[in-house]
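Colleague: Single-letter residue listing:
Protein chains: 2
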Amino acid sequence: MTERRRGAALEKALLDAAWAELTLHGYAKFTVDAVVKRAGTSPPVLYRRWSDRDELVRAAIAHTMKEARLAIPDTGSLREDVLTLMREINSTRAELATIVIAHLAAHYQATGIRPGDITDPLVTGRKEAVDVLFARAVDRGEIDPARLTERIKSLPFDLLRHEFLTTFAAAPDRALEEIVDEIFLPLLVGDAGGGASAGRV
Amino acid sequence: MTERRRGAALEKALLDAAWAELTLHGYAKFTVDAVVKRAGTSPPVLYRRWSDRDELVRAAIAHTMKEARLAIPDTGSLREDVLTLMREINSTRAELATIVIAHLAAHYQATGIRPGDITDPLVTGRKEAVDVLFARAVDRGEIDPARLTERIKSLPFDLLRHEFLTTFAAAPDRALEEIVDEIFLPLLVGDAGGGASAGRV
DNA sequence: ATCGTAAGATAGAGGCCCTTTCTTAAGGAG
DNA sequence: CTCCTTAAGAAAGGGCCTCTATCTTACGAT
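Residue numbers (full-length UniProt numbering), protein chains in the order written: chain A, 1 to 201; chain B, 1 to 201.
Think of the hints as simulated: they come from the structure by calculation, not from any bench. Be careful, since some hints might not be right.
To be verified - Distance ranges between label pairs, derived from CB positions:
| no. | chain 1 | residue 1 | chain 2 | residue 2 | range |
| --- | --- | --- | --- | --- | --- |
| 1 | B | D33 | A | T31 | 12 to 22 Å |
| 2 | A | R151 | B | K12 | 52 to 62 Å |
| 3 | B | G112 | A | D33 | 22 to 32 Å |
| 4 | B | E177 | A | G112 | 20 to 30 Å |
| 5 | A | R49 | B | A8 | 48 to 58 Å |
| 6 | B | P145 | A | S77 | 22 to 32 Å |
| 7 | B | A68 | A | T31 | 31 to 41 Å |
| 8 | B | A20 | A | E80 | 44 to 54 Å |
| 9 | B | D139 | A | R140 | 40 to 50 Å |
| 10 | B | R48 | A | E177 | 47 to 57 Å |
| 11 | A | A135 | B | A34 | 47 to 57 Å |
| 12 | B | K37 | A | T31 | 20 to 30 Å |
| 13 | A | R49 | B | A135 | 56 to 66 Å |
| 14 | B | D131 | A | S51 | 48 to 58 Å |
What the hints assert, rightly or not - In silico DSSO-like links for lysine-lysine, alpha-carbon gap of 27 Å or less:
| no. | chain 1 | residue 1 | chain 2 | residue 2 |
| --- | --- | --- | --- | --- |
| 15 | B | K29 | A | K29 |
| 16 | A | K37 | B | K29 |
| 17 | A | K29 | B | K37 |
| 18 | A | K153 | B | K153 |
On a predicted model such as this, the values are computed, not experimentally measured, just so you know. Just so you know, even glycine gets a beta-carbon here, dropped at the ideal spot from N, CA and C.
All chains, please: the whole structure from these sequences, using the hints.
Modeller: Set out below in structure tokens:
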């Protein structure tokens, strides 16, 4: 150990190491010892900060989420706003979703914590900010606010999350477009039976 | 041990014990030793059948799935068929989904197996059989087959699965009705903006 | 009755989680 | 500059869990 790190720098090194181990070997094979070795430190250093393996995992997840905040797009059309946001989410969140669900599902009986309890950061980082997309679309006269139920608002992101949770990977772009053009937009802006071209904004 | 079980009876006792431990304590706290004790046997008996903890988990999942096959409803209307099936799935599959996702997500990096690879048994047991619901609706003239994309066919079950995977529990019946009346049926049979009453078949 | 096989019992090795103890480096105060 | 405090780094070890080896015993078939 050539140089001792202290405080926040050391903590970041530990969390980055933990994340690397989670993504490389998966939740099942994640070991505290591997994190310690990767971070070039010793066990008490880690346990001074997190009481056990699970708390370390949760801290690594939270740390990674914080480092990957999403911007809210403003493209001038609802379709493009939603697709852009979905593409952003798609390119950064599949891995995170896999690890989060692995941890929460394994501990649900003990903790009662569900993905839905943290689902906003899982997908978008800010629910209120997504509402901005819809407000803008209403202002532009693109959609009728009467059609805008909570379930429909969350629909594209629910389906994207479903993709993550059933494939553990980013979805093909074609799938994002199907979700928006075949399901989401027809529900909001047109005769639902029109198909993709009628649904195009 | 007053009476020795042999063969299939012993194997069923082991698998039932494994399932009981998974549902009671969750995937994270599941131990082979607890299964052995619950089944009233010894470790080599278990390891003669399954090479390790993970294989035992998978066998318990498969055993439980086999014991909970779903019937395909035939109510005379698509709405009732889909709702009935969703209610059946809802009442029997949330727990199974939680355990399956816990195992698969934790091992994804090592195995590459995703829920989608076994998603049919997870939800319905038989994809072709669900297609029968839609064929009947087309025969009855309820829906236009041109509207019936693969993604729309799977939509209610995808959204139900999404409920399971974000709550680890059965969904409220209200949610099932919202999925069908607010999203699924408007896409298939009417002007999507009509709301629940217009969507009712 | 005997024989073969699987069930049941038990001890133990290795790995992992977590804790205790000790040494050492680094930062801050005087 | 020195001294003190605190956290980092090192290492040993206990307990639990997974899994294996070994032995005894029960049960079914012949």
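Colleague: Take the hints in turn and mark each one as holding or not.
Modeller: Verification of the supplied hints:
1. B:D33 <-> A:T31: 12 to 22 Å: holds, 20 Å
2. A:R151 <-> B:K12: 52 to 62 Å: violated, 42 Å
3. B:G112 <-> A:D33: 22 to 32 Å: Since G112 of chain B and D33 of chain A have Cβ atoms about 25 Å apart, the given range 22 to 32 Å holds.
4. B:E177 <-> A:G112: 20 to 30 Å: holds, 26 Å
5. A:R49 <-> B:A8: 48 to 58 Å: Holds - the Cβ-Cβ distance for R49 of chain A and A8 of chain B, about 50 Å, lies within 48 to 58 Å.
6. B:P145 <-> A:S77: 22 to 32 Å: Given range 22 to 32 Å: holds, Cβ gap about 31 Å.
7. B:A68 <-> A:T31: 31 to 41 Å: holds, 35 Å
8. B:A20 <-> A:E80: 44 to 54 Å: holds, 51 Å
9. B:D139 <-> A:R140: 40 to 50 Å: For R140 of chain A against D139 of chain B, whose Cβ atoms are near 43 Å apart, the range 40 to 50 Å holds.
10. B:R48 <-> A:E177: 47 to 57 Å: About 51 Å separates the Cβ atoms of R48 of chain B and E177 of chain A, which means 47 to 57 Å holds.
11. A:A135 <-> B:A34: 47 to 57 Å: Given a distance of about 52 Å, which is inside 47 to 57 Å, the answer is holds.
12. B:K37 <-> A:T31: 20 to 30 Å: Since K37 of chain B and T31 of chain A have Cβ atoms about 26 Å apart, the given range 20 to 30 Å holds.
13. A:R49 <-> B:A135: 56 to 66 Å: Holds, since R49 of chain A and A135 of chain B (Cβ atoms, about 59 Å apart) stay within the stated range.
14. B:D131 <-> A:S51: 48 to 58 Å: Taking Cβ atoms as reference, D131 of chain B and S51 of chain A lie about 51 Å apart, which means the hint holds.
15. B:K29 <-> A:K29: holds, 15 Å
16. A:K37 <-> B:K29: Status holds; Cα separation ~26 Å.
17. A:K29 <-> B:K37: OK: K29 of chain A and K37 of chain B at ~26 Å, within 27 Å.
18. A:K153 <-> B:K153: Judged against 27 Å, a Cα distance of about 20 Å means the pair holds.
The earlier numbered hint that this structure contradicts is number 2, and it is the only one.
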